[in-house]
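> Construct the entire structure; sequences and hints are all you get.
Here the sequence shown stands for residues 2 to 45, numbered as in the working numbering.
It is worth saying that the hints were derived from the structure and are not from the lab. The reader is advised that the hints may include incorrect statements.
As the list claims (entries may be wrong) - Taking lysine-lysine and the PhoX-like style, the derived pairs with C-alpha atoms no more than 25 Å apart in a straight line are:
1) Lys21 to Lys31
2) Lys31 to Lys20
3) Lys30 to Lys20
It should be emphasised that the depicted structure is a prediction, and the values quoted were computed from it without experimental measurement.
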Amino acid sequence: MVGGGVGWVRELRGRLVAKKRQRAEYEEKKERILYRNHTGKLDE
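Structural data, given as structure tokens:
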């Protein structure tokens, strides 16, 4: 892994990590909304 030909690997990995993070945040929001709808109150 010598030279300038590995930038795309780092970019791809960064994109994958960002996608996983977005997915996790989405799942967390979904859980919170489901909880709120189920109990009728906010979870603090």
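> For every hint, state whether the structure bears it out.
Do the hints match the structure? See the list:
no. : hint           : in the structure
1   : Lys21 to Lys31 : holds (15 Å)
2   : Lys31 to Lys20 : holds (16 Å)
3   : Lys30 to Lys20 : holds (15 Å)
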